[in-house]
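Q: Sequence:
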Amino acid sequence: MSVTVDIQLASAEPVPDEQDIRGWVRAALEGRTRGDDAEVSIRLVDEAEMTELNRRYRDKPGSTNVLSFPADLPAGIGATLLGDIVICAPVVRREAAEQGKPLDAHWAHMTVHGSLHLLGYDHLADDEAEAMETLETHIMQQLNYDCPYTPDGQREHTT
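Each residue of the sequence shown is one higher than the one before, starting from 80 at the first, in the numbering used here.
No lab work stands behind these hints: they were computed from the structure.
Remember, predicted model here, so these are calculated numbers, not experimental data.
Beta carbons are placed, not taken as given, at the ideal position from N, Cα and C, and that holds for glycine.
Wrong hints could be hidden among the right ones.
The calculated label-pair distances, taken between Cβ atoms and stated as ranges, are [to be verified]: (1) Tyr136 to Gly179: 22 to 32 Å; (2) Arg134 to Arg173: 34 to 44 Å; (3) Leu152 to Asp225: 31 to 41 Å; (4) Asp206 to Thr83: 26 to 36 Å; (5) Ala154 to Leu182: 22 to 32 Å; (6) Glu109 to Asp183: 12 to 22 Å; (7) Gln178 to Asp99: 18 to 28 Å.
Put together the whole structure using the sequences plus the hints.
A: As structure tokens, this is what we get:
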């Protein structure tokens, strides 16, 4: 499988190495896409940009950690574009500290989470959330990270 990941840096905050980000996307997509090729764009932003995107596309105030925008291509188009992921670097850093998680593990989780949204996974209903969290945990463990969810089952506020 060939995965192309375009990374756009629009944050003054330190972010993970591009190689790591590409590896996290590949791990999330491996064996889960319709074809042999896939293309994803990831934009790493600060809170001002994420706040605007969250307001515009979700009608919610403030910033969030990750937003995913699946490609809405017309039927019959053979393009490999899965969509766009936007990750807010300051929110990821702050959440990792608040949750007592290694920063790279939280970055990996947000990248995997956003990638799965591009494939149609969601967490609005309890059964969907359980399936998505189980898959995220499996992928994270394949990447040698701990389960991204707390032992008491509380979910993070992810999009």
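Q: Does each hint fit the structure? Answer for all of them.
A: How the hints compare with the structure:
no., hint, verdict
1, Tyr136 to Gly179: 22 to 32 Å, "holds, 30 Å"
2, Arg134 to Arg173: 34 to 44 Å, "violated, 19 Å"
3, Leu152 to Asp225: 31 to 41 Å, "holds, 36 Å"
4, Asp206 to Thr83: 26 to 36 Å, "holds, 33 Å"
5, Ala154 to Leu182: 22 to 32 Å, "violated, 41 Å"
6, Glu109 to Asp183: 12 to 22 Å, "holds, 19 Å"
7, Gln178 to Asp99: 18 to 28 Å, "holds, 19 Å"
The structure is inconsistent with the numbered hints 2, 5, although it conforms to all the rest.
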